[in-house]
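J.: From first to last, the protein sequence lines are chains A, B and C. Going by my numbering, the first sequence opens with residue 1, and the numbers climb by one from there. Going by my numbering, the second sequence opens with residue 1, and the numbers climb by one from there. Going by my numbering, the third sequence opens with residue 1, and the numbers climb by one from there.
Calculated directly from the structure, the hints in this document are not laboratory data. Because the structure is a prediction, the values reported are computed rather than measured. Just so you know, not all the hints are guaranteed correct.
As the list claims (entries may be wrong) - Sample of chain A residues at the chain C side, in silico, Cβ under 8 Å:
{"id": "1", "residue": "Phe-63"}
{"id": "2", "residue": "Tyr-64"}
{"id": "3", "residue": "Gly-115"}
{"id": "4", "residue": "Gln-138"}
{"id": "5", "residue": "Val-140"}
{"id": "6", "residue": "Leu-144"}
From the three backbone atoms N, C-alpha and C, an ideal C-beta is built for every residue, glycine too.
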Amino acid sequence: MHDQQSVEALLSSMAQKLGHYLKDKHIDNYEFVGIRSGGVWVASAIQGYLNNTQALGELDISFYRDDFTRIGLNPKVSPSSLPFETTDKHIVLFDDVLMSGRTVRAAMNELFDYGRPASITLAVLVDIGRPELPIQPQIVGANLSLNDEQRIKLVGPDNLHLKIQQAQ
Amino acid sequence: MHILKIEILNGKRLASPTDNAQDMSTHWIDFERIEIQDGMIKSINQDNPAFKADISIDGTGCYVLPGLVDLNVSLREPGYTAKGSIYSETKAAAAGGVTTLCCTPETKPINDSKAVSKLIEELAQEAANCEVLPLGALTQGLEGEQLSEYAALKNAHCIALSNGYHPLKNLAISKRCFEYAKTHNLSVFINAIEASLHQGVMHEDEISTTIGLQGIPDLAETVAVSQLIKLAEATGVHLHLSQLSTADAVAQVKAAKERGLRITADVAIQNLLYTDEKVANFSSVFHCMPPLRSEADRLALLEGVKTRVISAITSAHQPHEAAAKQMPFAETEAGMSSIEFLLPMAMKLEREQDLLLTDFISAMTQGAAEVLNIAIPQIAVGQKANLCIFNPSTSYVLERENIQSTGKNTPLIGQTLTGCVKTTIFEGRVSYSS
Amino acid sequence: MQSSVQLTASGKLKHFLTVSGLSKELLTEILDTADSLIEVGERNIKKVPLLRGKTVVNLFFEASTRTRSTFELAAKRLSADVLNININTSATSKGESLSDMLKNLEAMASDMFVVRHAQSGASHFIAESVTPGVAIVNAGDGWHAHPTQAMLDMLTIRQNKGQFEGLKVAIIGDILHSRVARSQIRALNTLGVNEVRVIAPNTLLPKHVESLGVSVFNDINAGLGDIDVIIMLRLQRERMQGALLPSEGEYYQLFGLTRERLKLAKPDAIVMHPGPINRGVEIESEVADGDQSVILDQVTNGIAVRMAVMSMAMSGQTEEQNILNEKRANESECIS
């Protein structure tokens, strides 16, 4: 069900919805930022569908996670790269899976440390519907429900497809 | 007046020169009974129904050896009460099987006078744990400049003179000290230190280079040994080199002996057991003076003991309060609390380093007595009852609370030791019982 | 040996005392983390919340404005609260023992001590005495180690040369008294450079210096041939007093890095110096300010490296405490 074709279909529909959304809100001065790594793949694909050639920002949220005190520093961190000013810009923030909302919270904190954006629009490929924080996406590819023990993951960067796993 | 009677039953005793040659070569002789009365060994293996012992000690599985003679012990009194007292440290000595010891003059005030020597003697007699023979200070205040009153010290029962772990100011002064000591027929116990080269806190070699601590080169000892031997030869004094740490010093002592000079030497037990590897982690319990040196030095010192170039082994017992060792390495005080563990460490040396237990005992009885020019301790009828009853096979884990000494600065805490002193008898009375 | 004090059971950093005993992988992780943190200094808000709510105490027994300021800046960029304590060494010797001072500071709920001390092994001693959960970072102890300096030097080398394999590095100056040199030599060898050379007169070389993993040169001209990285060490005035050197003049004549001598090394060789520089004593001014000098990069990298090390050590301590707390919780469950 979540093979490459269906993911492509979701991305294409997201690109359409995003295009309409930005037009409705009269947003023409925006930047795309993806949360590593899945969010970057989603952003990149949607950029393609929209024929958008702007530089894509990549956020590594390792330094902003709220569970740092529990699980410690990720040894494979690499620097975020935002090749544009964020102050007063409209940011479209992309992630692959929205679950508790904590990743998005961390990403927003980090974005604000770069500079105060005019607005942030959240676009996610899959929304599991299990928020622990009041975070809601404006653009969604698909809503899915999972059992408590299940997790869903976007596999990429080539042949993007979704995989459901049992949590350890 | 009641005369104390002790009997020891069914053990092995160390053979003495009064035994026949056959028994001397096997070292340990079975005995059924040793009777002690009035501070002396009354009889061995005699059938004596009239002898009703007050104390009966079962010697099964044990060795009975003469009480050990330790040439260098810091009793810390007068003056360093946080580190120990004459009572506590002589008690620790008894727990280690020691019945005679020489205490260093490094007290506060320094033992350079009759008054301090008498005080030490009195306190030791009161404690009655072992015989204490004070080493008098070679120079006033151990400053290495002025002679102290050798006649007075000798009168006050100092057995020899020592400059402690302090350097002598220059060769002219050393020569005068030796000449004056010879006049009084006193031996001089000297730690060989060339002060200008002795700037450091550990042995100078690869480890000091790696961890960045200032090292003391071999030269600091070897150059001093060479000068001291020449001075001893010129003045005729009996020079005893305290606590050698280098292979070269052993070689120099050997050569001096071969030339017929009256030069003797001792080694601290830690220099036989450990090397500078032990301080690679800044472990302050191994901060010693003289420093623990290389493996080559350690092996040469062991060889020196085996060949009797080195006459005696000493504990170099230096108890410290905990705070003295709780600082960055170079700021800590040097020395180990070691006197209680002599015999278990002797067992370790026999197991791992081929040093026979009987050679160790000899170094701490006959060898030490010869250096001091006192009677060689023996187990024979008519000899003083200074004995140690030692079980060589008991194993136990050393707990901090079970250490008699005030100083718990030993690396052996928590380790399994093999060999345990069961009882020590000093002048016919039990000075220690486990 | 030493590393067991620094690492958690899973091999993560929990104190940073010395480069000795740390694997190539761990050193590389420090460099990579530092790399990621460099761009924090280029943002609007130069902070990340990694040490938010933590108290970092700079415990400096030796005066040092430069090192202390970089540690302070690094801690603040990690959102920590910083307390600076400069201790006059003579004050400690007057009464309060180091152990007592630590206990008092711990009572103020510090999470990390950055320690600089005149005695080798001091930070080691502190790490062994301190309450579990408190991280110690060594800002230099006696002659023994200055691991953060070594790591920022390694980062600078990697930025300029790309990799460590195949490099020939020369360290020139007072190796005997240098904690910087000892840490650098260890790091360079662990990271796999081709050769480390020390260039100095014998009076400034420790005994058996080759055992550190270096080749020894008394002649700077011979020592500089084919070199990719030149590290200059600072010469201290005191060395003239201890009969270690006759004069600064003779030292500069024999071991000073001049423009002419620089040409003996590879044409793209870089020149480094931990600072502060003695112009005209170790190094000619023009060389210090010249194209091949990366001395200013070292300063910038210092903040990022210290941020990396501080977050990694705090992270390791937290992980260890969590494991202990879980264990205790399990044990009390078993009992009840």
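J.: Quick check: which numbered hints come out false for this structure?
T.: Numbers 4, 5 and 6 - these are the hints that the structure violates, sorted from lowest upward.
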